[in-house]
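FYI, the numbering for the sequence shown is 29 to 383, going by the numbering used here.
Hints should not be assumed to be uniformly reliable.
The list that follows gives simulated cross-link-like pairs (lysine-lysine, PhoX-like), each with its CA atoms no further than 25 Å apart [stated by the list, open to error]:
(1) Lys138 <-> Lys289
(2) Lys188 <-> Lys167
(3) Lys253 <-> Lys333
(4) Lys188 <-> Lys164
(5) Lys333 <-> Lys160
(6) Lys253 <-> Lys160
(7) Lys354 <-> Lys36
(8) Lys167 <-> Lys253
(9) Lys232 <-> Lys167
(10) Lys164 <-> Lys232
(11) Lys267 <-> Lys232
(12) Lys267 <-> Lys138
(13) Lys36 <-> Lys98
(14) Lys35 <-> Lys138
(15) Lys56 <-> Lys98
(16) Lys35 <-> Lys354
(17) Lys188 <-> Lys289
(18) Lys253 <-> Lys164
(19) Lys56 <-> Lys35
(20) Lys354 <-> Lys40
(21) Lys164 <-> Lys333
(22) Lys333 <-> Lys354
Everything labelled a hint here was simulated from the structure, so no lab data went into it.
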Amino acid sequence: MTLDERKKLILKAVVDDYIATAEPVGSKSLVSRHQLPVSPATIRNEMAELEELGFLEQPHTSAGRVPSDKGYRTYVDELMEVEALPEEEARTIRDVLHENMAEVTGLIRKASTLLSDQTQYTSLALSPKYVKNHLKQIKMLMIEPGRALVVVVLSAGLVKDRMVRIPEILDNAQLMQIAAAIEEGLQGMTLDDITLVAVSSAGKHAPLPESLLNQVLYEAYISIKQADNLEIYMAGSNKLLAYPEFSDIARAKATLDVLAKEGMVAGYLNEETDNRENPAYMIRIGQEIALEGLENCSFITTTYKIGDTVAGRIGVIGPRRMSYAKVISNINFVRMNLNDQIRRLGVGIDRMEDT
Numbered sequence: 029m030t031l032d033e034r035k036k037l038i039l040k041a042v043v044d045d046y047i048a049t050a051e052p053v054g055s056k057s058l059v060s061r062h063q064l065p066v067s068p069a070t071i072r073n074e075m076a077e078l079e080e081l082g083f084l085e086q087p088h089t090s091a092g093r094v095p096s097d098k099g100y101r102t103y104v105d106e107l108m109e110v111e112a113l114p115e116e117e118a119r120t121i122r123d124v125l126h127e128n129m130a131e132v133t134g135l136i137r138k139a140s141t142l143l144s145d146q147t148q149y150t151s152l153a154l155s156p157k158y159v160k161n162h163l164k165q166i167k168m169l170m171i172e173p174g175r176a177l178v179v180v181v182l183s184a185g186l187v188k189d190r191m192v193r194i195p196e197i198l199d200n201a202q203l204m205q206i207a208a209a210i211e212e213g214l215q216g217m218t219l220d221d222i223t224l225v226a227v228s229s230a231g232k233h234a235p236l237p238e239s240l241l242n243q244v245l246y247e248a249y250i251s252i253k254q255a256d257n258l259e260i261y262m263a264g265s266n267k268l269l270a271y272p273e274f275s276d277i278a279r280a281k282a283t284l285d286v287l288a289k290e291g292m293v294a295g296y297l298n299e300e301t302d303n304r305e306n307p308a309y310m311i312r313i314g315q316e317i318a319l320e321g322l323e324n325c326s327f328i329t330t331t332y333k334i335g336d337t338v339a340g341r342i343g344v345i346g347p348r349r350m351s352y353a354k355v356i357s358n359i360n361f362v363r364m365n366l367n368d369q370i371r372r373l374g375v376g377i378d379r380m381e382d383t
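Modelling step: build the complete structure from the supplied sequences, incorporating the hints.
Next comes the structure, spelled out in C-alpha cells:
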C-alpha cells in the first residue's frame, strides 16, 4: 500500500525519534518535537491507522508506538535521508585505510574494525574468494621443539599462518629446507591443483627418515589447502550490549550465540555476495535476516572489489533501531576507500573467482 504524504511524514518522525531515544513515541511528543501543523488528536488517529496497516507496533506497557519491520523497511526505502559523511570522520577513514598495508587480509580486517569504531555497532567482513590462486611462498619456522609455525603466502596477497605439531627431533634448518623444496616444487600450481601427492613429491628428497618427513609434509599440505578458506572478520561484538534492546540476558545471549557461529555467518554473507545485483549497499531488517536468533537486529552490508569483480562483503549489524543513515554514510565511504586501497596493492582480477 502507498502511504499518503502525511502518513509518510508521521512514520518518518516516529522512526527518527525512536532511533534517537529508544522510547516508544507518542502523538504529543511528535507535535512538540517536529512542529507538525496538525493536532495531537489527528496524529494519534494517523498513528492508529499506521499500526493497523502494519507499519507501527504498540508495546504492551506503553501508550506510544514503535516501528515494525515493515515500518523500518518503508523508512529505509523511501523516507530516510542519507547525508555525506562529516569531513572529520571521512579523514579518519582515509587515514586509517591508506596506511601502509602489504596484503589484502590485513586491509579487510582493518576496514572491519574501523567500521565498528565509526558506527559503534558490530562489524563483519568476509574474506575474498579466489580460485586461480597460486602458492607464492611457504615458510616453516620452529617455535619450540615439537611445534612450528607454517606461513603461507598466496599470489593474491593473502597471508595465512597455522601452528602445527612436528617431530621434536627436527630443527629449524631442516624445516626451512623442506619448505624451500615445497615452494620450488609447487611453483605455477593453483591451490585447486595442489594435492597431497604433489606436496609429497616436491619434498621427497629432503634428507629425513620417511616417517618424519611424511608427517611434516602432511601438515604443510593442510596449511596450504586451508589458506584460502572463507573467513569472517568480526569486530565489536560486545558493542551490542550497550543498547537497551539487548539488556535482556536471554535476547543478548541468543544474538551473540549466532555471531559466534562464524562458519554459518560466513556462509550467509557468501550467499548474499553471490547475489548478482550487488547494489551499493544492502539492508536486511529483523525477520528478513535468514539467521535464526538475529530477528531483533538489522544488517547493512556492501561489497568490495578486486579489479572489477566482487570479492567479498563487509557490513554492520546492530539493533533494528540502528542509525541507518549514519551507517550507510560510513559503509559507502569505507567501500570506496577500501576498493581504492586494494587497487593500490596491485591485486589483479585474474586471481578472482568468477561470480
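**Q.** Non-conforming hints, listed in increasing numerical order
**A.** 11, 14
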